[in-house]
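J.: Here is how the chains run, residue by residue.
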Amino acid sequence: MIKTNKKIAKNIILSLENVSISYGTFEAVRNVFCNFKKGDITSLIGPSGCGKSTVLRSLNRMNDLIPNCSLKGTVLFDGTNIYDKRVDPVEVRRRIGMVFQQPNPFPKSIYENIAFGARINGFTGDMDELVESSLRKAALWDECKDKLNDSGYSLSGGQQQRLCIARTIAIEPEIILMDEPCSALDPISTLKIEETMHDLKKNYTIIIVTHNMQQALRVSDMTAFFNAIEYEDGDGGKVGYLAEFNSTKKIFNSPKEKITQEYISGKFG
Amino acid sequence: MNSLYYQKRLSRNIGDKFFTSLSVICALIAILPLIFLVTYILYKGGSQITPELFTLEPNPPGDDLDAGGINPALVGTLIITTIASIIAIPVGVGGGIYLAEYSRGGAFSRFIKFGVNVLAGVPSIIAGVFIYALIVSTKILFGSMYSGLAGGMALSILMLPSVIKTTDEGLKLVPNELRYASLGVGASMYTTILKVTLPSAFRSIATGVVLGIARAAGETAPLIFTALFSYYYITGFGDLFYEMGSLAVLIYNFALEPYDAQNKLAWAASFILVLSILSVNIFSRILAAFTEKTKRV
Amino acid sequence: MEEKLTLFKNRKRFGIEKNIDIIFKNTALVLSSFVAIILLGIILVVFFQSFESFSRYGLKFLVTSEWNPVKDEYGAFTAIYGTLVTSFLSLLITIPLGVGTAIFITEDFVPKVFREIIGSFVELLAAIPSVVLGLWAIFVMEPFFRAFFVFLHNFFGWIPLFSTEPSGRNSLLAILILVVMLLPIVTSIARDSLNQVPKKLRNAAYGIGASRWKTIFSVILPAALSGIMAGVLLALGRAMGETMAVTMIIGNSNAFSWSLLSPGYTISSMLANQFGEADGSQVSSLFYAAFVLMILSLLVNIFAQWLVKKFSLKY
Numbered sequence: 000m001i002k003t004n005k006k007i008a009k010n011i012i013l014s015l016e017n018v019s020i021s022y023g024t025f026e027a028v029r030n031v032f033c034n035f036k037k038g039d040i041t042s043l044i045g046p047s048g049c050g051k052s053t054v055l056r057s058l059n060r061m062n063d064l065i066p067n068c069s070l071k072g073t074v075l076f077d078g079t080n081i082y083d084k085r086v087d088p089v090e091v092r093r094r095i096g097m098v099f100q101q102p103n104p105f106p107k108s109i110y111e112n113i114a115f116g117a118r119i120n121g122f123t124g125d126m127d128e129l130v131e132s133s134l135r136k137a138a139l140w141d142e143c144k145d146k147l148n149d150s151g152y153s154l155s156g157g158q159q160q161r162l163c164i165a166r167t168i169a170i171e172p173e174i175i176l177m178d179e180p181c182s183a184l185d186p187i188s189t190l191k192i193e194e195t196m197h198d199l200k201k202n203y204t205i206i207i208v209t210h211n212m213q214q215a216l217r218v219s220d221m222t223a224f225f226n227a228i229e230y231e232d233g234d235g236g237k238v239g240y241l242a243e244f245n246s247t248k249k250i251f252n253s254p255k256e257k258i259t260q261e262y263i264s265g266k267f268g
Numbered sequence: 000m001n002s003l004y005y006q007k008r009l010s011r012n013i014g015d016k017f018f019t020s021l022s023v024i025c026a027l028i029a030i031l032p033l034i035f036l037v038t039y040i041l042y043k044g045g046s047q048i049t050p051e052l053f054t055l056e057p058n059p060p061g062d063d064l065d066a067g068g069i070n071p072a073l074v075g076t077l078i079i080t081t082i083a084s085i086i087a088i089p090v091g092v093g094g095g096i097y098l099a100e101y102s103r104g105g106a107f108s109r110f111i112k113f114g115v116n117v118l119a120g121v122p123s124i125i126a127g128v129f130i131y132a133l134i135v136s137t138k139i140l141f142g143s144m145y146s147g148l149a150g151g152m153a154l155s156i157l158m159l160p161s162v163i164k165t166t167d168e169g170l171k172l173v174p175n176e177l178r179y180a181s182l183g184v185g186a187s188m189y190t191t192i193l194k195v196t197l198p199s200a201f202r203s204i205a206t207g208v209v210l211g212i213a214r215a216a217g218e219t220a221p222l223i224f225t226a227l228f229s230y231y232y233i234t235g236f237g238d239l240f241y242e243m244g245s246l247a248v249l250i251y252n253f254a255l256e257p258y259d260a261q262n263k264l265a266w267a268a269s270f271i272l273v274l275s276i277l278s279v280n281i282f283s284r285i286l287a288a289f290t291e292k293t294k295r296v
Numbered sequence: 000m001e002e003k004l005t006l007f008k009n010r011k012r013f014g015i016e017k018n019i020d021i022i023f024k025n026t027a028l029v030l031s032s033f034v035a036i037i038l039l040g041i042i043l044v045v046f047f048q049s050f051e052s053f054s055r056y057g058l059k060f061l062v063t064s065e066w067n068p069v070k071d072e073y074g075a076f077t078a079i080y081g082t083l084v085t086s087f088l089s090l091l092i093t094i095p096l097g098v099g100t101a102i103f104i105t106e107d108f109v110p111k112v113f114r115e116i117i118g119s120f121v122e123l124l125a126a127i128p129s130v131v132l133g134l135w136a137i138f139v140m141e142p143f144f145r146a147f148f149v150f151l152h153n154f155f156g157w158i159p160l161f162s163t164e165p166s167g168r169n170s171l172l173a174i175l176i177l178v179v180m181l182l183p184i185v186t187s188i189a190r191d192s193l194n195q196v197p198k199k200l201r202n203a204a205y206g207i208g209a210s211r212w213k214t215i216f217s218v219i220l221p222a223a224l225s226g227i228m229a230g231v232l233l234a235l236g237r238a239m240g241e242t243m244a245v246t247m248i249i250g251n252s253n254a255f256s257w258s259l260l261s262p263g264y265t266i267s268s269m270l271a272n273q274f275g276e277a278d279g280s281q282v283s284s285l286f287y288a289a290f291v292l293m294i295l296s297l298l299v300n301i302f303a304q305w306l307v308k309k310f311s312l313k314y
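Going down the list, the protein sequences come from chains S, G and D. If you read the first sequence in numbering that gives the first Met the number 0, its first letter stands for residue 0, the second for the next number, and so on. If you read the second sequence in numbering that gives the first Met the number 0, its first letter stands for residue 0, the second for the next number, and so on. If you read the third sequence in numbering that gives the first Met the number 0, its first letter stands for residue 0, the second for the next number, and so on.
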């Protein structure tokens with residue numbers, strides 16, 4: 000028993016144990032257990048209001064920025080509960096990077112956008128090389144190698160998002176979190192970002208929130224389906240929970256839960 | 000592998016602690032004297048308040064036993080700010096209507112907006128100097144020199160930019176749909192403005208204007224050589240053309256007197272001035288917060 | 000209404016209503032141009048009144064500090080120096096304090112309720128009349144700082160700024176009361192500019208592991224800089240033109256001294272102090288000084304407006 004646990008633990012990079020997240024008195028997600036495997040792309044899907052983005056933001060303590068947000072349970076990363084009082088959230092975010100829903104480059108040059116993060120993480124190597132390799136990995140190099148000194152805002156929306164991915168790669172995180180990275184983008188840019196994710200898979204663990212089931216099917220190895228149910232006390236409020244977590248293939252082809260079946264076949268959400 | 004644990008010795012954590020404490024200290028240095036200032040004014044001035052204060056004339060400095068009251072200054076402040084409002088509100092609201100409703104962002108309106116901002120930045124004493132040159136020294140108002148009327152004019156110059164700005168901004172907050180609705184049934188522009196747009200922006204404009212009046216009531220620099228000062232009761236309409244006292248100038252004059260009785264009068268006048276200005280401000284804030292809440296629901 | 004009575008026979012508006020519309024529009028137009036007329040009027044009147052003094056002393060007026068109504072010799076250097084030195088030094092103290100306070104109330108060091116209370120309290124203070132601040136400065140601030148000024152003189156007397164025995168009313172007190180006046184302006188404008196920085200920029204910095212103050216210094220402050228700068232310039236304009244509190248505490252002396260501990264003068268305090276009883280060419284010289292003050296504050300204001308226009312809407 001213990002042995003198998005250890006064996007699994009070897010491949011598990013991040014695990015949620017009985018995690019509940021609340022905003023003030025309002026509980027957003029309840030009792031989530033979930034293990035993320037190293038090197039996998041995991042999708043979090045589910046109807047709006049099911050708390051999938053809340054869960055994602057809790058994985059590198061971005062929720063700290065939201066007033067009144069509190070978390071119960073443990074989030075284990077590298078053998079440490081990142082919600083332990085002794086943990087430095089800045090340190091966590093350096094090893095678990097994040098790409099946001101809206102592209103958010105800094106109002107600096109393309110070059111500086113990448114160099115900034117690397118520099119604050121204490122990067123001492125060849126900055127030009129790092130910028131180039133990060134942009135290459137994010138499949139943006141060819142499009143912007145001649146205008147590295149232009150503002151990050153001179154790029155198109157899709158390019159800006161890939162710049163944000165490059166910026167995150169440049170700090171060499173172990174995990175990259177992506178919060179609906181394509182929801183603000185056109186189909187062609189979306190396709191490019193998905194290709195980028197495939198390339199990144201070799202070196203990074205990726206956890207992505209998406210509202211697009213086709214995207215989940217295309218990019219991910221594992222899929223977690225979140226759903227929302229009404230409170231038992233029935234005052235109309237809803238709380239999110241993890242309904243099913245399995246390999247993407249199984250989730251989409253032979254889901255165990257009826258509710259998953261209904262969701263992926265488009266009956267609600 | 001470096002640990003995830005918080006490390007005190009890390010330069011970034013030391014820096015963060017340092018700057019956080021620095022900003023706390025800044026806030027304390029900024030806030031504490033200000034709290035002290037307000038409580039001191041209210042305490043020191045409040046303890047001088049007597050019923051006679053509101054009814055008597057001030058005695059000329061020199062008699063250290065009894066300074067009298069501030070009735071003429073109180074009435075004078077009311078009159079001068081009223082004159083200023085009578086001039087500044089129609090002009091300002093009219094100008095604001097033009098900027099918000101008629102102008103289409105052309106060169107003229109941009110120039111006027113620029114002018115409004117510049118006029119708002121003109122030192123208040125310059126307004127006094129201007130009215131002195133234009134009205135006081137020329138004796139153009141039926142031969143009178145220093146007068147309450149001149150003081151009111153000087154104050155109106157200071158009020159004007161804020162009235163225009165609040166009107167302009169208040170009207171711009173009115174949704175265009177409302178205008179289209181009125182114009183769409185064939186109402187003319189002036190009917191639309193008077194019957195639809197102005198009424199729905201009334202509260203925000205009124206708040207801004209009242210705040211502007213409150214600020215003007217405390218202005219001193221434009222009055223010291225336009226309205227000057229007077230120790231005597233204001234008894235009739237004709238007094239508008241003579242020197243007129245005001246709370247602000249009374250504070251200025253009596254603060255610099257070496258006599259304790261006059262100093263106390265200055266504190267009492269400060270109390271009345273600060274209390275009324277602060278209550279107008281707080282009341283309008285509460286009103287604004289309340290309006291916002293009801294709108295959201 | 001009348002249209003209804005005609006049963007829509009004539010949908011054209013009556014001439015009279017059309018005329019009212021035109022009159023209304025033109026009245027509004029005329030009223031709005033009053034601003035320009037007054038502004039132009041102020042500039043022209045002050046300029047022409049100062050003409051006599053200007054033609055007599057020319058630009059020498061700006062660099063000599065003799066002010067002698069008996070000999071009819073006028074130079075405004077003391078007042079100009081006082082205006083510049085009090086406004087710039089007070090700003091120098093106010094900027095870090097105000098921006099520091101603004102950061103304190105925009106970050107989440109304390110719960111939001113407290114921050115909002117502090118914020119609105121600071122704004123309320125901007126409403127306190129300056130003459131009341133002057134009164135407070137005379138009777139509370141001056142005694143409070145007396146010992147400190149003696150200390151300053153004893154230990155830093157070798158610096159020209161502190162080289163004289165502290166007098167009861169002096170430039171340093173004027174600077175301190177200006178700080179009290181400017182703090183609300185700088186703090187509230189800095190707070191507004193910081194709040195306007197899009198949240199996604201903060202997320203971006205935190206998301207790649209920047210610490211709080213790294214984020215503030217490298218991302219948030221640069222993005223808010225133009226707004227803060229404009230606020231600082233507005234405060235500078237206010238400081239240069241501020242009259243009452245300064246007049247009451249600065250000592251009003253035309254004898255020039257580098258030291259902040261001796262009595263000084265500013266242009267506006269000179270105007271407040273002398274205008275009422277001046278005559279002859281002294282009046283013209285005072286108008287000349289007023290003209291200088293006006294030009295200074297106009298330049299600062301126009302620069303502030305230009306800055307706002309140039310750098311706003313960048314994100």
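Keep in mind the hints are simulated off the structure, nothing from the lab. Note that the coordinates shown come from a computational prediction; the quantities given were computed from them, not determined experimentally. It is possible that some hints are incorrect.
Stated by the list, open to error - Facing chain S, from chain D, some residues (calculated, C-beta under 10 Å):
#1 K59
#2 K111
#3 A222
From the three backbone atoms N, C-alpha and C, an ideal C-beta is built for every residue, glycine too.
J.: Any CB of chain S closer than 10 Å to the CB of D/K111?
T.: Constraint on D/K111 satisfied, holds at 7 Å.
J.: Holds or violated: the hint that D/K59 contacts chain S, with Cβ atoms closer than 10 Å.
T.: Because about 48 Å separates D/K59 from the closest Cβ in chain S, which is outside the 10 Å limit, the hint is violated.
J.: Taking 10 Å as the limit, does the beta-carbon of D/A222 come near enough to a beta-carbon in chain S?
T.: 6 Å, holds
Comparing the model with each numbered hint stated earlier shows that hint 1 is the single one that does not hold.
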